[in-house]
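Number of protein chains: 4
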Amino acid sequence: MSLTPEQNAEIDELRSNPSETLRVVSEGMEKHLYHAIPVLDHGFVRVIDYMGDDAAICQAARVSYGKGTKSVQNDEGLIRYLMRHWHSTPFEMCEIKLHVKLPVFVARQWIRHRTANVNEYSARYSILDREFYIPAPENIAAQSAVNNQGRGGALEGEEAARVLEILKADSARSYDNYQAMISQDGQEGLARELARMNLPANIYTQWYWKVDLHNLLHFLRLRADAHAQYEIRVYADAICNVVADWVPAAYRAFEDYRMGAVTMSAQMVDCLRRMIKGETVDQDTSGMSAREWREFKEMIDS
Amino acid sequence: MSLTPEQNAEIDELRSNPSETLRVVSEGMEKHLYHAIPVLDHGFVRVIDYMGDDAAICQAARVSYGKGTKSVQNDEGLIRYLMRHWHSTPFEMCEIKLHVKLPVFVARQWIRHRTANVNEYSARYSILDREFYIPAPENIAAQSAVNNQGRGGALEGEEAARVLEILKADSARSYDNYQAMISQDGQEGLARELARMNLPANIYTQWYWKVDLHNLLHFLRLRADAHAQYEIRVYADAICNVVADWVPAAYRAFEDYRMGAVTMSAQMVDCLRRMIKGETVDQDTSGMSAREWREFKEMIDS
Amino acid sequence: MSLTPEQNAEIDELRSNPSETLRVVSEGMEKHLYHAIPVLDHGFVRVIDYMGDDAAICQAARVSYGKGTKSVQNDEGLIRYLMRHWHSTPFEMCEIKLHVKLPVFVARQWIRHRTANVNEYSARYSILDREFYIPAPENIAAQSAVNNQGRGGALEGEEAARVLEILKADSARSYDNYQAMISQDGQEGLARELARMNLPANIYTQWYWKVDLHNLLHFLRLRADAHAQYEIRVYADAICNVVADWVPAAYRAFEDYRMGAVTMSAQMVDCLRRMIKGETVDQDTSGMSAREWREFKEMIDS
Amino acid sequence: MSLTPEQNAEIDELRSNPSETLRVVSEGMEKHLYHAIPVLDHGFVRVIDYMGDDAAICQAARVSYGKGTKSVQNDEGLIRYLMRHWHSTPFEMCEIKLHVKLPVFVARQWIRHRTANVNEYSARYSILDREFYIPAPENIAAQSAVNNQGRGGALEGEEAARVLEILKADSARSYDNYQAMISQDGQEGLARELARMNLPANIYTQWYWKVDLHNLLHFLRLRADAHAQYEIRVYADAICNVVADWVPAAYRAFEDYRMGAVTMSAQMVDCLRRMIKGETVDQDTSGMSAREWREFKEMIDS
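Protein chains in written order, with the numbering used here: chain P, 1 to 302; chain E, 1 to 302; chain D, 1 to 302; chain A, 1 to 302.
Just chain P, same shape as in the assembly:
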């Protein structure tokens, strides 16, 4: 990603004008404001605004008149309790607004999270930039042999080179033809809302995305997960770092009770109890399918 000098100047100007506010301020978040965190080859995540901090979660949970916080330790205990017992509403009391630049095929996954507010750059109204996601060599991955919905190791040698060549050439040609179609130089020019259909899904788009902390954490649980597609996971990872600075106690609870947690089925819990008592359990005696048994083994093996 490289911002233009004009864009950098705009960011610098925004950051050079602190104002006084009576609102809650998260010091960890102020340092992120407006800076573009690079993701993939041309993408980024930028924090545009935020509301609330760890204390605001407790304040809402307690429906307080004032700050609503007690000792920091006491607050962290409450936040962990709320997270562990699936209380969602106090976490909804924090809000974040991001500016994200991302490939269209990533945007199409992302938008499926419906409980958020979105303003996307309009390719009906405006002309898209010539910026395409071309994977780094180590991310040009083979189809997974075991998982229809995943990828295996990196392609190598000639095959990788061929893929790279195709992606670059098709991106360039599609964009050249997009420009040729909308050009009003010696012709009328095709409507932008039609011309955009020629652009492939690795072109970059951008949007403002605003979401509350509860729904953001749900997004991160799914998209920062090892099974998520790499190209959306890197955005989720970048946002995780931001959240850790914004609401550190909530983020720690999220790591312990969501990201690092496992959910065991009734059958799994039953096997577990038998195993702790010293019984040897295998798939045959577990009551689980082969697939569930494999998932169970992954949970309990270090």
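Calculated directly from the structure, the hints in this document are not laboratory data. A portion of the hints provided could be inaccurate.
Note: identical chains are not told apart, hence a pair may lie in one copy or across any two.
As the list claims (entries may be wrong) - List time: in silico DMTMM-like cross-link candidates among lysine to aspartate or glutamate, alpha-carbon distance up to 25 Å:
1) 168 to 188
2) 67 to 13
3) 31 to 10
4) 67 to 120
5) 31 to 270
6) 297 to 76
7) 297 to 270
8) 67 to 6
9) 31 to 41
10) 67 to 10
11) 297 to 256
12) 31 to 255
13) 168 to 158
14) 31 to 237
15) 297 to 255
16) 168 to 6
17) 67 to 12
18) 277 to 301
19) 168 to 129
20) 67 to 20
21) 67 to 129
22) 297 to 225
Fit chains E, D and A to the supplied structure of chain P, relying on the hints for placement.
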């Protein structure tokens, strides 16, 4: 409404500690922060936090790198265009968090607006205060004779006195009995989650309510309307004043294109065109039902 | 609960008129249609309509042209996979519409589940019936000594009798006064929208409630849970029985992966792995708080 | 659009098996079930399931025990009243499930309507078909000269031919390369989740889309509007025809109070009243901007 000295001290403390922020600040809103705006006899609305201002609406609509605003005049024109043409997403980019104290029967109407975040004071967990809404004499209104769902003029004389007497006596007795049931003085004490069922719908509850500007304006359009029940309308009116200070341009557009606007049916538009051409139209020749015709007349008669 | 002869006649009439449809039909659900399942002393749950069945979940997950189902066994495997891996959208493809009669304090908890459609009986427009929830003796429970938000054992003897007496007397008096205030016999009559504020939270209301299967299961997970308040849990239990007949495979998966499942934190999983290897772990060496440790022990002890 | 013989056989099989149900049946809708209504060159809309009819709207509005309908005339009056006065919840009590095949750039607009359930064909998991939207000659439109976000007349002659040539050639080449990259013939094969990024936005995707009637009508108001992009409007038009058969009274009310209605601002209403009294009003004396005045003139001129 009267806050306790402790509550006032908490508010004063919150207001006495401005912090620096790089975020957008709405000066009009800063002056409201934390103060309790009295509503009804014991209720209030307090702004706890906010995100964004008029410029933030334009910034999102333009998916800008920087402030995204042009001249103030240019911005107001864009905001009016967006409002007039029912663009909802840019208005969703502003957010407000309120602390509201309100009678339960008002809360029951309010909660029907689902696109908001709510943390209500829990009567399972805590003991409710002895505070009940008792209408002022001019608000003790008769059932409307023409509208099943509305009220007519104020009751007078003995009837009004009787109503007042009933509301006061039943509130007091219910609360006394609530206390008697949960008391652990010489007895086990009924569970709070059960005892609360004895309390009438004019008891006050409170909650944190967080909503984006688009959904807030939708709420205000319905609840600040002349047909809304008085007891919720006064809350909507109080919030309207806050919004006018927070996002003045958006609020003016809201007044012009929502609150002061009318929607005319296909039939009404047809009649209108005929009338402007000089034709005399009455209900018989209008194609409307008597009720629609009456509504139409109200729209066009000054 | 007792329906009037007129209401029973309406139900009988609805059930006596089968129609032909090309839509998917769930035989298990047809037998429930319109019948009122009694809950609490005057409440009920009635299935008014439904869309989809187990096969419809698979059909949507596969985005099929036709039925989209393979063998029943194959379908159940897919449903279990989807449930286990938190795929929510295929379950959203089934929908149910219920008519529920319930005390107001239960309705106030219920409505916090926002992703549903609701039409409630309007006490602004209509007059409420004289029906109040009076707990059976075994449900007049003491405040829990260990859990601020729960109840302990049943109250006994005089204390229980006193509670019962209060609830009955206050309900009766409130309703008498409600009637007296709205009466137009020799007086104008107070507006219904005001008079309702005198009614306590154990009065019954009713609503049509429509929700998709994914959100219904989320509701049931929270409200059929042992920690939910008894008075809402009995509604959840009644609905569980209906769902088990409607989408049996999805319901079995729900029991295994939600109701009977446990979520273990990162710390818990770590302890578990150590225990399975034979290490003795106690709270001190677990890295958990006392409360978390207690919750962990409950999970693994049979 | 052409379905394969297998797909037609699946549809025929589904339609040849009527079942008995006690649920409400909409005769107008039964005839549509499963049939694919062709839209654009390869797209379609198919009704997979539905819940409710006109009477179900009234039944919910009245929170009835039985059918809840009175005379058909009475029901239509209620439906019109509900529509006119923006009552949304009774319309949410009807639900529809569609199977839609549509170009990706149309899908990207469509998905912005968040209050719906969606299952899209997964290009991570499966291989997309070689089907691209190529506009008919009359729809290869020029960029609008007056509206940044719209199209003007059809391109002609050589320019149109060139556009057509580009769209066809780029679609074919992109798909050939997509196939070449995922091929496992003599190579590992690129992961599908990556290869899809080479495909342009005119490729067809498909999804199951389920929505309630209130939100569907909101979608139709925006997308069947003359200002909507042609390629989504034709889908909205096809769905309008289905809705007219499903809930005829609600659809008539929708036409009168939404599609054929206009919303006039406070300033417009003021001008109107002056004009009806005989005053001559022009933009200068109207208090409107030039743009608003033009919109006003369009409303009142036949």
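Now the hints, each set against the structure:
In the homo-oligomer, the alpha carbons of residue 168 and residue 188 lie at most 25 Å apart only across protomers (20 Å), although the nearest pairing inside one protomer, at 29 Å, exceeds that limit. Taking the shortest alpha-carbon separations for residue 67 and residue 13, only the inter-copy value of 9 Å comes in at or below 25 Å, while the best intra-copy value is 32 Å. In this assembly of identical chains, residue 31 and residue 10 lie within 25 Å of each other by CA distance solely inside one copy; the values are 16 Å within and 28 Å between copies. Taking CA atoms no more than 25 Å apart as the test, residue 67 paired with residue 120 passes between copies only; the shortest distance there is 16 Å, against 36 Å inside one copy.
Taking identical chains as interchangeable, the C-alpha atoms of residue 31 and residue 270 are never at most 25 Å apart, the minima being 48 Å within one chain and 35 Å between chains. In this assembly of identical chains, residue 297 and residue 76 lie within 25 Å of each other by CA distance solely across copies; the values are 22 Å between and 32 Å within a copy. Within a single copy, residue 297 and residue 270 get their C-alpha atoms as close as 14 Å, and across copies as close as 14 Å, so both meet the 25 Å cut-off. Proximity of residue 67 and residue 6 under a CA criterion of 25 Å is satisfied inter-copy only: 12 Å between copies versus 40 Å inside one chain copy.
Only within a single protomer do residue 31 and residue 41 lie at most 25 Å apart by alpha-carbon distance; the minimum there is 23 Å, versus 44 Å between protomers. With identical chains, the CA atoms of residue 67 and residue 10 are at most 25 Å apart between copies only, with a shortest distance of 8 Å across copies and 35 Å within one. With identical chains, the CA atoms of residue 297 and residue 256 are at most 25 Å apart both within one copy (20 Å) and between copies (17 Å). For the identical chains of this complex, residue 31 and residue 255 are intra-copy neighbours only, at 22 Å inside a copy versus 38 Å across copies, given an alpha-carbon limit of 25 Å.
For a Cα distance limit of 25 Å, the shortest separation of residue 168 from residue 158 inside one copy, 15 Å, qualifies, whereas the shortest one across copies, 29 Å, does not. Taking the closest pair of Cα atoms, residue 31 and residue 237 come within 25 Å of each other only inside a single copy of the chain (18 Å); across copies the shortest separation is 38 Å, beyond that limit. For the homomeric pair residue 297 and residue 255, the shortest alpha-carbon distances inside one copy (21 Å) and between copies (21 Å) are both at most 25 Å. Proximity of residue 168 and residue 6 under a CA criterion of 25 Å is satisfied in neither setting, with 27 Å inside one chain copy and 38 Å between copies.
For the identical chains of this complex, residue 67 and residue 12 are inter-copy neighbours only, at 11 Å across copies versus 32 Å inside a copy, given an alpha-carbon limit of 25 Å. Taking the shortest alpha-carbon separations for residue 277 and residue 301, both the intra-copy value of 17 Å and the inter-copy value of 9 Å come in at or below 25 Å. When the C-alpha separation of residue 168 and residue 129 is checked against a cutoff of 25 Å, the pair qualifies both within a copy, at 15 Å, and between copies, at 23 Å. When the C-alpha separation of residue 67 and residue 20 is checked against a cutoff of 25 Å, the pair qualifies both within a copy, at 18 Å, and between copies, at 18 Å.
In the homo-oligomer, the alpha carbons of residue 67 and residue 129 lie at most 25 Å apart only across protomers (20 Å), although the nearest pairing inside one protomer, at 46 Å, exceeds that limit. In the homo-oligomer, the alpha carbons of residue 297 and residue 225 lie at most 25 Å apart inside one protomer (18 Å), although the nearest pairing across protomers, at 28 Å, exceeds that limit.
Violated hints, listed in ascending order, are 5 and 16; each of the other numbered hints is respected by the structure.
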